[in-house]
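So the sequence shown is numbered by this note's numbering: it starts at 7 and just counts up by one.
Calculated from the structure, these hints are not laboratory results.
Glycine is no exception: its CB is placed at the ideal position from the N, C-alpha and C atoms.
Take these hints with a grain of salt, some might be off.
[As the list claims (entries may be wrong)] With a straight-line cut-off of 30 Å between C-alpha atoms, the simulated DSSO-like cross-links for lysine-lysine are: (1) Lys-60 / Lys-30; (2) Lys-56 / Lys-68; (3) Lys-68 / Lys-30; (4) Lys-33 / Lys-56; (5) Lys-68 / Lys-33; (6) Lys-56 / Lys-36; (7) Lys-65 / Lys-33.
[Claimed, not checked] Using C-beta positions, here's what the derived DEER-type ranges look like: (8) Leu-16 / Pro-51: 26 to 36 Å; (9) Val-21 / Ser-79: 30 to 40 Å; (10) Val-21 / Ile-89: 11 to 21 Å; (11) Ile-89 / Gly-50: 11 to 21 Å; (12) Asp-20 / Ser-79: 30 to 40 Å; (13) Ala-39 / Gly-69: 26 to 36 Å; (14) Ala-39 / Asp-90: 10 to 20 Å; (15) Ile-89 / Asn-49: 15 to 25 Å; (16) Gly-78 / Asp-20: 31 to 41 Å; (17) Ala-9 / Ala-48: 15 to 25 Å.
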Amino acid sequence: MSAAAEATVLITHDVGLHARPSVKFTKLAKTFAADVEIALAANGPWFDAKSIVKVMAAKAPKGTMLYIRARGSGADDAVRALIDLVQRDFDEDAGHVRSA
Numbered sequence: 007m008s009a010a011a012e013a014t015v016l017i018t019h020d021v022g023l024h025a026r027p028s029v030k031f032t033k034l035a036k037t038f039a040a041d042v043e044i045a046l047a048a049n050g051p052w053f054d055a056k057s058i059v060k061v062m063a064a065k066a067p068k069g070t071m072l073y074i075r076a077r078g079s080g081a082d083d084a085v086r087a088l089i090d091l092v093q094r095d096f097d098e099d100a101g102h103v104r105s106a
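Let the hints inform the model, and build the full structure from the sequences given.
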């Protein structure tokens, strides 16, 4: 029997799940052996959370409920870590401004 876990988290980051946040999200997802997927609705469609192309293609803006599920070894840890990353606004300062 393989482990499975799922949870939801609200995206509060100003730019949503785009460029930099997507890279951080997929890098973290890849550190787990479990298969990890995300969706923008409970019934899907589901995207491979370890694929930067698929995560960015989800185009999840601020205010989106993100559904995360994992199956396999470390599923609980994977979901918990990804939820934590989103809740920390992907470890980016709210006042992050690009300098010219």
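So, going through the hints one by one against the coordinates:
1. For the suggested pair Lys-60 and Lys-30, the alpha carbons sit about 14 Å apart, so the restraint of at most 30 Å is met.
2. Among the hinted pairs, Lys-56 with Lys-68 is consistent with the structure: their alpha-carbon atoms are about 21 Å apart, no more than 30 Å.
3. With a C-alpha separation of about 16 Å, the suggested pairing of Lys-68 with Lys-30 holds against the 30 Å cut-off.
4. Between Lys-33 and Lys-56 the CA atoms are separated by roughly 7 Å; this keeps the pair inside 30 Å, and the hint holds.
5. Proximity of Lys-68 to Lys-33 is assessed by CA-CA distance (about 20 Å); at most 30 Å being required, the pair is judged to hold.
6. Using a Cα cut-off of 30 Å, the hinted pair Lys-56 and Lys-36 holds, with the two alpha carbons roughly 5 Å apart.
7. Simply put, Lys-65 and Lys-33 have alpha-carbon atoms about 18 Å apart, close enough for the 30 Å limit, and the pair holds.
8. The given range of 26 to 36 Å is broken by Leu-16 and Pro-51, whose C-beta atoms sit roughly 20 Å from each other.
9. The hint said 30 to 40 Å for the Cβ distance between Val-21 and Ser-79, and at roughly 32 Å that hint holds.
10. For Val-21 paired with Ile-89, a C-beta distance near 19 Å keeps the hint of 11 to 21 Å intact.
11. A hinted range of 11 to 21 Å for the beta carbons of Ile-89 and Gly-50 is consistent with their spacing of about 19 Å.
12. Judged by the Cβ atoms, the range 30 to 40 Å given for Asp-20 and Ser-79 holds: they are separated by roughly 34 Å.
13. Separation of Ala-39 from Gly-69 is about 32 Å and conforms to the stated range, judged on CB atoms against 26 to 36 Å.
14. In this structure the supplied range 10 to 20 Å holds for Ala-39 paired with Asp-90, their Cβ-Cβ distance being about 18 Å.
15. In this structure the supplied range 15 to 25 Å holds for Ile-89 paired with Asn-49, their Cβ-Cβ distance being about 20 Å.
16. Separated by about 33 Å at the C-beta atoms, Gly-78 and Asp-20 satisfy the suggested range of 31 to 41 Å.
17. Checked against the hint of 15 to 25 Å, the C-beta distance between Ala-9 and Ala-48 comes to roughly 20 Å, which is consistent with it.
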